[in-house]
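There are 2 protein chains.
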Amino acid sequence: MTWTSDIETARARISAHVQVTPTLITQDFGLTYPVEIKLEQLQHTGSFKARGAFNTLLSADVPKAGVVAASGGNHGAAVAYAAQALGHKAKVFVPELAGASKIALIERTGADLTVVPGEYANALQAAQAYEAKTGAMQIHAYDAKPTVIGQGTCMAEWDAQGLAADTVLIAVGGGGLIAGSLAWLQGARKVVAVEPETSCALHAALQAGTPVDVDVSGIAANALGARRIGSICFDLAQTHLGQSVLVNDHAIASAQRALWQDRRVLVEPAGATALAALMSGAYQPAPQERVAVLVCGANPAPDPFDT
Amino acid sequence: MTWTSDIETARARISAHVQVTPTLITQDFGLTYPVEIKLEQLQHTGSFKARGAFNTLLSADVPKAGVVAASGGNHGAAVAYAAQALGHKAKVFVPELAGASKIALIERTGADLTVVPGEYANALQAAQAYEAKTGAMQIHAYDAKPTVIGQGTCMAEWDAQGLAADTVLIAVGGGGLIAGSLAWLQGARKVVAVEPETSCALHAALQAGTPVDVDVSGIAANALGARRIGSICFDLAQTHLGQSVLVNDHAIASAQRALWQDRRVLVEPAGATALAALMSGAYQPAPQERVAVLVCGANPAPDPFDT
Chain E
6 MTWTSDIETA RARISAHVQV TPTLITQDFG LTYPVEIKLE QLQHTGSFKA
56 RGAFNTLLSA DVPKAGVVAA SGGNHGAAVA YAAQALGHKA KVFVPELAGA
106 SKIALIERTG ADLTVVPGEY ANALQAAQAY EAKTGAMQIH AYDAKPTVIG
156 QGTCMAEWDA QGLAADTVLI AVGGGGLIAG SLAWLQGARK VVAVEPETSC
206 ALHAALQAGT PVDVDVSGIA ANALGARRIG SICFDLAQTH LGQSVLVNDH
256 AIASAQRALW QDRRVLVEPA GATALAALMS GAYQPAPQER VAVLVCGANP
306 APDPFDT
Chain P
6 MTWTSDIETA RARISAHVQV TPTLITQDFG LTYPVEIKLE QLQHTGSFKA
56 RGAFNTLLSA DVPKAGVVAA SGGNHGAAVA YAAQALGHKA KVFVPELAGA
106 SKIALIERTG ADLTVVPGEY ANALQAAQAY EAKTGAMQIH AYDAKPTVIG
156 QGTCMAEWDA QGLAADTVLI AVGGGGLIAG SLAWLQGARK VVAVEPETSC
206 ALHAALQAGT PVDVDVSGIA ANALGARRIG SICFDLAQTH LGQSVLVNDH
256 AIASAQRALW QDRRVLVEPA GATALAALMS GAYQPAPQER VAVLVCGANP
306 APDPFDT
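Just so you know, the sequences run in chain order E and P.
When we follow this note's numbering, the leftmost residue of the first sequence carries the number 6, and every step to the right adds one.
When we follow this note's numbering, the leftmost residue of the second sequence carries the number 6, and every step to the right adds one.
FYI, nobody ran anything at the bench for these hints, they're computed from the structure.
A quick note: this is a predicted structure, and the numbers were derived from the prediction, not measured.
Cβ coordinates follow ideal geometry from the N, Cα and C atoms, glycine included.
Among these hints, one or two may not hold up.
Claimed, not checked - Computed, partial: chain P to chain E, Cβ under 7 Å:
1) K138
2) R268
3) P309
Next up, chain E with everything else stripped away, as it sits in the complex (with noise of 0.2 Å):
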C-alpha cells in the first residue's frame, strides 16, 4: 500500500460525488510571470474539504449514529454536504469563529449543528465528547489518513489536467490539503506552503522540530487557524516539503481582492493565501521557474447573497 496508489483509488471511488474543478493559466495580479491556477474552491461547499469527506465515508462502515464532526466551517459544509448526499445523519460543532455565512452553509445541508463559543479546538472537544455519547463517526478536519488520502485527489486530478508548474503554492491549515498533495507529488514537483503570519502551525512545527501549539488570529483563521499541525502533515513535510512561507493579513486582502478585480474570481482570505506569497515576495520564483497557486476556498463573509 503507497500514498500514490490509495489517492489513485481514492479518485475513482469519490469520482462519481465530486466536481472536477477547472484549472486556467493567467497573469495578472501585478505580476510579471504566468501563473497556473486551479479553481478548487469551485468544489461541492466551496472547498476541496468535499474530497476527504467523500473519500471517509465511502471508505468505512458508517454507524446507525451517522457521522460526527467538528469544523471551522468548510470542513463541516462538506461532511455535511457528503453525508446527506450519501443517506448518513450528520452532527457537526462549528466554533463561534467560523462566522454568520459559514454556519448558513451548513445549515442549508440540513444537518445537525451545534455552535460552539470560541475557536476550533473547543468545536473539536466537543465533537469528542459526541462521538463517545452516540458511536458516531468522527471525521478529523485534516489529521486522519482517508481524510489526507481524500484531499490528494485534487493534485492527482490537476496532474491528469496537464499541470506544468515546476513549484506549487498551497496554503496550510492543519495541513490535510498540503499533505495530500505532498503524498500525490513524493518530490516530483517542489510544494511551498503559505501560512498567515498569525496562523502558522506548520511553520511553527518545523521550527520546533515536532508539532507544537500557537496561537491562531487574523482575517483567515476561521478556516486556517489549527492549533496544531496534523501529525500526517508534519511527517510528510520533513521529507517532501520544499518550502515554508509566511504572509500577513495585509497581503492575504490584497490578493483575496486582486483575485476578484483582475480575475473574477471571489474567495474567502484563506482561498488567496497561496496567491499572497507571491504577489507580497514571500515567495520569489526564480526566472525560469513555472509556479502554479491551489486556490482552494470560496466561502467569504459577508455572502454576496446575504441580505
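Given the structure of chain E, go ahead and fit chain P onto it with the hints provided.
Then chain P, alone, in the frame of chain E:
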C-alpha cells in the same frame, strides 16, 4: 472570406491578449441533467467583450484621436482595457443605468469616461457626436463585423476545449456574442437565444420579421438592454438560430443565486440569464439532449469589494 476563417484568424490575432477561459461540467442548480459551462466571465474586465475589442483594435489602423465607445458598461470596460493594453487613447460614454460598479471598473482602466443620463441609446448618440467631432474610431458594442468576429472566438475556443453539447444556450442583448457563436457554429450545434422578457430585442425582431425598437428594463438591462437587435445578429439568427426563449427577472435572480450557492461562481444578472432558461423550464432539453450554458458576465452590483 468566410465567417469561420475570419474567426480562426481573429483567434490567433488576439491570443496574446485575451484569457482562455475555463470550462466545467456540473450537475447542480436543481437540474436533473449535467450541464457544460464555459466561465467566460473570467475574461479580462469580466465579460466576453474583451474579445471583440481586441479584435477590432488589432485589425484596424487606429487614428491618433484613439477610440470611442458607447456601452452599458461591459463593452466600455473592454474597449478601455484593450486600448490601454495596446497604447491607444480611449473615450467611453456610459449610460447612467450602468451603475457605480461598472463605472468604477472603467475608471480603473484609465479611460476618459463620460456618464450620460438615461439608457444605452443616449450614450450611443453621444459617442457618435464625439466620433464626428474628433475623428476617433467608433467601436460598436455589437453590430460591427470585427466585434462579432471577435466574440465568435469564444465559441471557437470552447469547441477546441472539447465542447460536447448538442445545444448551447446564450444570453442576448445587442446580439454580438450570439452572432459570433452562430457565425462560428454554422448550424453545427443548436443555439438557443435567451433574453429577459423586459429586454428582448431579438425575440421581437424575429416576431416582426425585421429589427424593431423595444423598451428595455429589468435586472439585466444594464448589460442586455439593447433597444434594437444588431442587423448582423438578426441576419445570422434568421438562418442559424435554433430557438428563442424568454425568462423573467425572478428566474434570472434565482439562477444568479444558484450559480453562487451551488458552484461559487459569482456573476451579474446577464451572466446568469442563459442558465435561467434551464432552471425555469423556458428551455426544456429532450431526454438525451446534451446542453451547455455560456456564462458571459461577472460585474455585479454592488461589487463585493465596494466599500
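Answer holds if the nearest beta-carbon of chain E is closer than 7 Å to that of R268 (chain P); otherwise answer violated.
For R268 (chain P), the interface hint holds, since the closest Cβ of chain E sits about 6 Å away, which is under 7 Å.
Min Cβ distance, P309 (chain P) to chain E: is it shorter than 7 Å?
5 Å, holds
Verify the interface restraint on K138 (chain P): the C-beta must sit less than 7 Å from at least one C-beta of chain E.
33 Å, violated
Hint violations for this structure: number 1 only, all remaining hints satisfied.
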